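Protein chains in written order, with this note's numbering: chain A, 1 to 358; chain B, 359 to 445.
Watch out, some of these pointers could steer you wrong.
Calculated pairs, SDA-like style, for lysine to any residue (alpha carbon to alpha carbon, straight line, at most 20 Å) [said to hold, decoys possible]:
| id | chain 1 | residue 1 | chain 2 | residue 2 |
| --- | --- | --- | --- | --- |
| 1 | A | K9 | B | I440 |
| 2 | A | K10 | B | S376 |
| 3 | A | K9 | B | S407 |
| 4 | A | K9 | B | S439 |
| 5 | A | K10 | B | T441 |
| 6 | A | K10 | B | S439 |
| 7 | A | K9 | B | H412 |
| 8 | A | K9 | B | T441 |
| 9 | A | K10 | B | V424 |
By construction, these hints were calculated from the structure, which means they are not laboratory data.
Computed from a predicted structure; not experimentally measured.
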Amino acid sequence: MTEIMVGTKKGLFVLRGDCDEGFAVTTRAFAGEPVDFAVRDPRTGRVFAAGGSPFYGPKLWWTDDFDGDWTQAEGVALPDGGEQALARLWVVTPGEQEGVLYAGGDPAVLFSSADDGRTWALEQGIFSHDTRSEWQPGGGGLCLHTIVPWPGDPDRLSVGISAVGVMHTTDGGATWRHSNHGIEPRYLPDDHDDVEHQHCVHCFRRSAADPNRMFMQFHGGIYRSDDAGDSWQEVGGAGLPADFGFPLAVDPADPDSAFVIPLTADVDRVTPGGRVAVYETRDGGASWVARGNGLPDHDAYLTVLREAFDTAGHGPQLTLAFGATSGHVFISEDAANSWVCAAEHLPPVYSVRVLRDT
Amino acid sequence: MAAIRLSGQLRQLAGQASVAVDGTTVAQALVDLQHRVPALHGWILDERSVVRPHLNLFVDGRQADVATALNETSELYVLPSITGGSH
Numbered sequence: 001m002t003e004i005m006v007g008t009k010k011g012l013f014v015l016r017g018d019c020d021e022g023f024a025v026t027t028r029a030f031a032g033e034p035v036d037f038a039v040r041d042p043r044t045g046r047v048f049a050a051g052g053s054p055f056y057g058p059k060l061w062w063t064d065d066f067d068g069d070w071t072q073a074e075g076v077a078l079p080d081g082g083e084q085a086l087a088r089l090w091v092v093t094p095g096e097q098e099g100v101l102y103a104g105g106d107p108a109v110l111f112s113s114a115d116d117g118r119t120w121a122l123e124q125g126i127f128s129h130d131t132r133s134e135w136q137p138g139g140g141g142l143c144l145h146t147i148v149p150w151p152g153d154p155d156r157l158s159v160g161i162s163a164v165g166v167m168h169t170t171d172g173g174a175t176w177r178h179s180n181h182g183i184e185p186r187y188l189p190d191d192h193d194d195v196e197h198q199h200c201v202h203c204f205r206r207s208a209a210d211p212n213r214m215f216m217q218f219h220g221g222i223y224r225s226d227d228a229g230d231s232w233q234e235v236g237g238a239g240l241p242a243d244f245g246f247p248l249a250v251d252p253a254d255p256d257s258a259f260v261i262p263l264t265a266d267v268d269r270v271t272p273g274g275r276v277a278v279y280e281t282r283d284g285g286a287s288w289v290a291r292g293n294g295l296p297d298h299d300a301y302l303t304v305l306r307e308a309f310d311t312a313g314h315g316p317q318l319t320l321a322f323g324a325t326s327g328h329v330f331i332s333e334d335a336a337n338s339w340v341c342a343a344e345h346l347p348p349v350y351s352v353r354v355l356r357d358t
Numbered sequence: 359m360a361a362i363r364l365s366g367q368l369r370q371l372a373g374q375a376s377v378a379v380d381g382t383t384v385a386q387a388l389v390d391l392q393h394r395v396p397a398l399h400g401w402i403l404d405e406r407s408v409v410r411p412h413l414n415l416f417v418d419g420r421q422a423d424v425a426t427a428l429n430e431t432s433e434l435y436v437l438p439s440i441t442g443g444s445h
């Protein structure tokens with residue numbers, strides 16, 4: 001049994017099933033309200049949902065039982081009496097230590113919890129960073145949207161902020177440094193000065209098999225790092241229909257693997273040519289192959305957002321799932337070789353998280 | 359004491375439709391409401407103590423803002439906007 005947790009413009013939907021028998025909506029929560037992100041912590045089974053009520057502000061909720069109540073997590077806010085308010089929560093990510101989770105949001109804030117998500121605290125290292133006053137938002141706000149732990153080392157963490165770039169800590173969040181060397185922000189004028197933190201990173205992931213290996217979907221271009229994100233080199237090109245897109249995924253078993261869902265361009269954020277495909281590399285980004293067997297291949301102009309793509313498992317049984325603002329959710333349980341439509345009439349999809357063998 | 363009338367989710371969170379509060383302005387009353395009903399902390403006022411943009415305030419039937427004066431018999435309604443179209 002596979003579980004697909006779908007955050008949408010009109011609530012949380014949980015799909016359960018498999019590719020052979022199909023999927024069905026088994027839970028709906030927060031009906032009518034935006035759920036910007038939802039995830040189950042596989043360590044505890046606890047489910048988190050980031051609600052983005054336009055009336056009452058962003059809130060983080062958790063439950064251990066879909067048939068029970070949701071509890072509002074404590075501490076997910078900026079300091080009272082300050083000059084800023086939390087605008088949105090973008091992502092929740094389990095950490096490396098037992099009970100530890102991280103949450104990222106706008107304006108470029110990172111929260112951490114040490115009690116399985118009941119209570120949270122603002123990470124001051126990023127909030128008080130000495131370059132913060134120079135940070136500029138992207139179209140979605142000044143969002144801290146990507147949180148990538150280092151397997152087995154809780155002191156090492158990388159985050160992505162639009163339009164700031166990649167930041168690393170190696171001391172558990174006390175200090176952070178920018179790390180965008182090698183990334184070319186082509187949206188800047190040709191004669192732009194060197195920039196350290198004006199980078200519209202869209203998403204990046206780290207290889208579980210080789211944590212030094214990372215892949216990034218940038219605002220324009222796909223990049224790879226072989227040195228834990230200290231430097232980046234553009235790899236996208238051969239076989240890709242476009243270099244723009246939002247999400248990116250990797251096969252944890254293969255450090256040379258990455259999957260992207262290209263969109264035509266930043267000025268036309270739909271699947272190119274009316275054809276939906278996930279593009280796969282197995283050679284570190286040198287070449288890419290369309291994996292669209294079972295996906296719409298004509299008249300399909302979908303938009304897949306940053307958090308609406310996820311994987312579970314690894315190797316030949318790698319499961320991949322993604323959703324679109326059209327309300328479609330697609331899933332593959334054979335490493336992208338074939339796809340089925342798990343849902344086609346949901347509200348606009350903001351996030352997808354998939355879990356196998358639930 | 360003035361009274362704050364709650365509806366919808368705010369009423370559910372507070373567990374009551376009306377809360378008696380101290381304060382001679384709407385701003386003071388809303389801060390006092392958060393102290394009396396901690397579950398509402400952050401729901402009406404954000405971290406800056408700014409009223410969230412899609413909430414409307416009415417005092418004794420007239421649209422109000424945080425500077426509006428209250429008296430002992432004032433009733434302050436906190437109502438979500440009637441929205442549509444883009445949502």
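Verification of the hints:
With a C-alpha separation of about 18 Å, the suggested pair K9/A and I440/B falls inside the 20 Å cut-off, and the hint holds. A threshold of 20 Å between alpha carbons decides the hint, and for K10/A with S376/B the separation of about 29 Å lies outside it, so the pair is violated. As the CA atoms of K9/A and S407/B are separated by approximately 27 Å, the hinted pair breaks the 20 Å bound. At most 20 Å may separate the alpha-carbon atoms for a hinted pair to count; K9/A and S439/B meet this at roughly 18 Å.
For the hint linking K10/A to T441/B, the alpha-carbon distance of about 14 Å falls within 20 Å, and the restraint holds. Pair hint K10/A plus S439/B holds up; C-alpha atoms about 18 Å apart against a cutoff of 20 Å. The suggested pairing of K9/A with H412/B holds, with an alpha-carbon distance near 17 Å, which does not exceed 20 Å. Restraint check: the Cα-Cα separation between K9/A and T441/B comes to about 15 Å, which is no more than 20 Å; the hinted pair holds.
A C-alpha spacing of about 31 Å is found between K10/A and V424/B, which places the hinted pair above 20 Å, so the restraint is violated.
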